[in-house]
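K.L.:
Here's the letter readout for the chains.
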Amino acid sequence: MKKYDAIIVGAGHNGLTNAAYLAKAQLDVLVVEKNDYIGGAAVTREIHDGWFYSSCSYVCSMMRQSIHRDLNLTRHGLVLVPYLGTVVFGDHGDTMVSYHSEEAEYNQLRRRSPHDADAMFRFQTDLARYARLIRKTLLRTPPDPTSFRPRDIKELLWLAKQFWSLGETELYEYIRFFTMSAADFLDDYFEDDLIKAAMASPGVIGTALGVYSPGSAYILLHHVMGDVDGNIGAWGLARGGMGAISNAIAGAVQEHGGEIRTNAGVDKILVKNNQAVGIVLDSGEEIYGGIVVSNMDAKRTFTQCMDRADLPPGIYEKAVNFKIRGSSGKVNIALSGLPTFTGVADNRYINRGGQGFVGSMETMERAYDCWKHGRWSDDPFIESVIPSAWDPTVAPPGQHWMSNFVQYCPSQLADGPWTAEKRDAFGLTVVDKIERYSPGFKDLIVHMEVRTPFEIEAEVGLTEGNIFQGELTIDQLLFNRPFPGYAQYRMPVKNLYMCGSSTHPGGGVSSACGANAAREILIDLRRPNTVPEDDFGDE
Amino acid sequence: MKTDNKTQTSKLDPYAGERLKRSHFHPRQAELNLRDAWSSWNGYKFADYYYDEEYEYFCIRNSCATYDICPMQKYRISGADAHFMLNRMVTRDLNKLKEDRVTYVCWCTDQGRLIDDGTIFKLGSESFMLTCGSPSLAWLRKSALGFERLEITDLSDDLAALSFQGPTTCEVLKKMGLEGIQNLKPFNIMYFDIGGSSHKPLMVSRTGFTGDLGYELWIAPQLALTLWDELYAAGDDYGIQPYGEAATNMARLEAGFIMPGMEFNEALKTVNYQYDQTPFELNLDWLVDFNKPHFNGRSALLEERDRGPKYRLVKLDIAGNKPADESALYADQKCSVEIGYVTSAMWSPVVKANIALAMIDSDYIDGSIWAEIYYGKELRHHSKVVRCVLQNAPFWAPDRARLTPPPAF
Ligand SMILES: Cc1cc2nc3c(=O)[nH]c(=O)nc-3n(C[C@H](O)[C@H](O)[C@H](O)COP(=O)(O)OP(=O)(O)OC[C@H]3O[C@@H](n4cnc5c(N)ncnc54)[C@H](O)[C@@H]3O)c2cc1C
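Going line by line, the protein sequences match chains A and B.
Just so we're aligned, residue 78 is where the first sequence starts under the working numbering, counting upward by one.
Just so we're aligned, residue 10 is where the second sequence starts under the working numbering, counting upward by one.
Derived by calculation from the structure, the hints in this document are not laboratory data.
In this text, all values refer to a predicted model and were calculated from it rather than measured experimentally.
Ideal placement from N, C-alpha and C gives every residue a C-beta, glycine not left out.
One or more of the hints may lead you astray.
Stated by the list, open to error - DSS-like, lysine-lysine: derived pairs with alpha carbons at most 30 Å apart:
hint, chain 1, residue 1, chain 2, residue 2
1, B, 343, A, 213
2, B, 343, A, 238
3, B, 393, A, 238
4, A, 231, B, 386
5, B, 393, A, 231
6, A, 213, B, 184
7, B, 278, B, 301
8, A, 395, A, 345
9, B, 194, B, 209
10, B, 209, B, 184
11, A, 519, B, 301
12, A, 400, A, 519
13, A, 238, B, 386
14, A, 231, B, 278
15, B, 278, A, 213
16, A, 349, A, 111
To be verified - A short, non-exhaustive set of chain A residues, derived as facing chain B with CB atoms under 7 Å:
hint, residue
17, 142
18, 145
19, 146
20, 149
21, 156
22, 470
23, 474
24, 475
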């Protein structure tokens, strides 16, 4: 029977990235995916004829350019297009647009608050400084702070040096940053509530935290640390939807001779003598491999796909307690035309980009309260974008689709399990809110795909529908991700690795987790490294 | 616009003589030039960019965009000798050029140095149009000495033209009502009606300077705005946007096309001996056809071919992400042996690569190549030396640019 050098469980973009780099190192690689399509949460699906939804993730800025280039993803069909313009909607009809030109943006902020217009420069500068530090760690394996191995010590020193390069005062600020709330962080800069709300909103995306919860400042940073062609904080669309990213990486896997099998859900990871030796598919088929790499989240890997008896003591408990609370929904809407918004000029550069229905700091916090009580928010924070206004390939000409990311939506409702009716009611809440800002919006709706954490878990396998494969709080970041002592992609069972977003540097479409894991695997297998060492954004 | 009239009446505007000419599309373009980013080209007021150069670049690669080529120089050469005269002027063999076809050409001095490159449209058996970047009437006249039966007409100000480039262009032209446009092959020409006309005043060629799917639209000035309005109405759902010099320069570099003032110095404007280039140095060997008996520069070029050019234009993929603008190139990391210079460089957003065109001493072309790159960071100057890899194919050459009919989007 054929034995592979490596079996990767899950064809999410990280699993595929991992496979591509292992295959590039001449390993015989198999990727198995439970769905009949690849991509996990980086996927494009034609749910309604002629409309191609990015069902889960919808915008891209964390994708490592060095990987894009190194795996020739453009040749495999990937084109990332930056999109411009965001309109932020406040309570009571207040709106704020974001202009692409620095001068226009300054003028508009001044109209709201001359103080905040000035403060914005300092804010952006500080953010850029912090973000650069994080960005530098993305393509590196976190050191184990308790280890005395030369490599760990060297890496720790490197990390310390990066931190010290901030200067002493900034260093303290930065450490505070990890535990601060987005609100506290922003209070130091701004007075205008809508500006604050707009800036705070990335701090809660995908997170079971509110704008006033400690830890939300870091999430904010996580969302602005990316860049598109050096434009820090800019977001892009993948031409053809987020699935284009996964498809391109799959192209690289195949270019290097790797194999991808869909409709091949893994029931169990096989362990013999404390070593991972292969997998059992749902069909009962057994496949053997030298190593097994899980692209699934940490909780699913250890609590669903492994025998507790195969795990060293304590691991199962750690996995059960892994924080992976779902907090977001996604509503994908096919539209017969471009929606217009009250109080927003017909400026094609800004009214076709993104929409942030933030309301106010208060409104966002109230939305979080609902989540805490096991309800979806009745006045949710919605982050929207209309990809078809930029990408001609995802909807019929003149028609559009709107991606609506909804914060908050719990994975477990207080009043019992999710049902189709509740799901639809959640979708209606979202549509009702948009209609308030865009009269006539409902008449444009051709089709809707409503996804609560329940659907996200069922389809993508993200436990509780947590979009990051585990929350991004300090106790689960860097050398703590997924668990302290296991942050270097090697798992407690020999020959078992993890390469999904549950590992450093966490959620988002970056390919970094998969690439870093491949580097560690190649070290163990004594193969020459095929993975870029560094990104080149910050020389 | 009222003020426009005023400034154009010399009596009222003492500076009229200094002001730039306005393109036939100016009224529409001025409205969309939100950044007032104007420069000039051949005496015309000309946009560097309208909104943002990178945005406009992405319209070329992702949707569709228009580039004003009114300032480009255009000449009609017609008459029984037109073919013979042109065929003696340019290095390519025009005997192969069929009617309603366009071909890319270059022409040289007797010393085989490149004067300019451009395109020749064969409009009829005895009628041609030559387009090029710089004014060339004088050279055309000189080249016509001894040919009696021809007429040279400068059309530059009397023909409006728009380059229309990007993946959605064919769909937009279809929507505009240009029936059969999808069957137009690269370098072919077709004629269409527009604005209710019946004599097909719109000429469309499937040509461009972006390496992508695209067309050039040619029309009489009085119909220019009609063309614009119809095009923009049809293109509204397809992300249409005007682009300027900045985005053009990005797109053409990815496609590997050369630019005067960057890759070559026009021979007629070169003071220093051999600071101009030969077609061989610019990798335009395929444009030089020694099978035809006589053409300008033939014997010098023959010599050059046999001797081998001293320099070669190459495409480079450069490590890191700092554009190698004006970098010197070396054979070693210590920068002790200088072997050439970068002519154009950029970070390619679509390929995600740090790309450049460069001139390299032919003797060193197979060895290792290092670039010394200078870049600034918050007022300080930095430099670094990085490895370059020779690239044979253009950085960007999508299938859609060649396919007929082109795929939708
Ligand atoms: C609604 C939503 C919106 C998001 N928005 C953005 C965004 O805009 N930008 C951004 O950068 N990030 C966004 N994210 C986060 C980002 O999409 C994820 O962090 C990233 O895609 C995760 O990739 P991955 O490869 O690590 O894991 P996944 O994509 O989760 O891949 C895991 C794969 O394993 C498969 N699998 C699971 N169980 C089994 C099994 N037993 N057998 C075989 N296969 C199995 C799954 O089907 C899946 O294909 C979003 C996520 C969600 C859910």
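K.L.:
For each hint, tell me whether it holds in the structure or not.
P.N.:
Each hint, compared with the structure:
For the suggested pair residue 343 of chain B and residue 213 of chain A, the alpha carbons sit about 28 Å apart, so the restraint of at most 30 Å is met. Restraint check: the Cα-Cα separation between residue 343 of chain B and residue 238 of chain A comes to about 28 Å, which is no more than 30 Å; the hinted pair holds. In summary, the hint linking residue 393 of chain B to residue 238 of chain A is supported, as the alpha carbons are separated by about 22 Å, within the 30 Å threshold. For the given pair, residue 231 of chain A sits about 28 Å from residue 386 of chain B by alpha-carbon distance, which is consistent with the 30 Å threshold.
Note on residue 393 of chain B and residue 231 of chain A: the hinted pairing holds, with a Cα-Cα distance of about 25 Å set against a maximum of 30 Å. Of the pairs offered as hints, the one joining residue 213 of chain A and residue 184 of chain B is violated, with about 48 Å between alpha carbons and a cut-off of 30 Å exceeded. Annotation: proposed proximity of residue 278 of chain B to residue 301 of chain B holds, straight-line Cα distance about 28 Å (limit 30 Å). For the hint pairing residue 395 of chain A with residue 345 of chain A, the CA-to-CA distance comes to about 19 Å; that is within 30 Å, so the pair holds.
For the hint linking residue 194 of chain B to residue 209 of chain B, the alpha-carbon distance of about 19 Å falls within 30 Å, and the restraint holds. Proposed proximity of residue 209 of chain B and residue 184 of chain B is supported: the alpha carbons are some 17 Å apart, at most 30 Å. Taking the CA atoms of residue 519 of chain A and residue 301 of chain B, the gap is about 69 Å. The hint is violated against a cut of 30 Å. For the hint linking residue 400 of chain A to residue 519 of chain A, the alpha-carbon distance of about 37 Å lies beyond 30 Å, and the restraint is violated.
Restraint check for residue 238 of chain A and residue 386 of chain B: the C-alpha separation of about 20 Å stays at or below 30 Å, so the hint holds. Of the supplied pair hints, the one linking residue 231 of chain A and residue 278 of chain B is violated, its CA atoms being roughly 58 Å apart against a limit of 30 Å. Between residue 278 of chain B and residue 213 of chain A the CA atoms are separated by roughly 48 Å; this puts the pair beyond 30 Å, and the hint is violated. Between residue 349 of chain A and residue 111 of chain A, the direct Cα distance comes to roughly 24 Å. Compliance with the 30 Å bound is thereby established for this hinted pair.
Below 7 Å, beta-carbon pairs count as interface contacts, and residue 142 of chain A has one with chain B at about 5 Å; its hint therefore holds. Taken as an interface hint, residue 145 of chain A checks out: its beta carbon lies about 4 Å from the nearest beta carbon of chain B, inside 7 Å. Look at residue 146 of chain A: its Cβ gets to within about 4 Å of chain B, closer than 7 Å, so that hint holds up. Taking 7 Å as the C-beta contact cut-off toward chain B, the hint placing residue 149 of chain A at the interface is violated, the least distance being around 9 Å.
Residue-level restraint check for residue 156 of chain A holds (minimum Cβ-Cβ distance to chain B is 6 Å; threshold 7 Å). Restraint check, residue 470 of chain A versus chain B: the minimum CB separation of about 5 Å is within 7 Å; hint holds. The criterion of a C-beta within 7 Å of any C-beta in chain B is met by residue 474 of chain A, whose closest approach is roughly 5 Å, and the hint holds. A distance limit of 7 Å between C-beta atoms decides the matter here; for residue 475 of chain A the minimum to chain B is near 4 Å, and the interface restraint holds.
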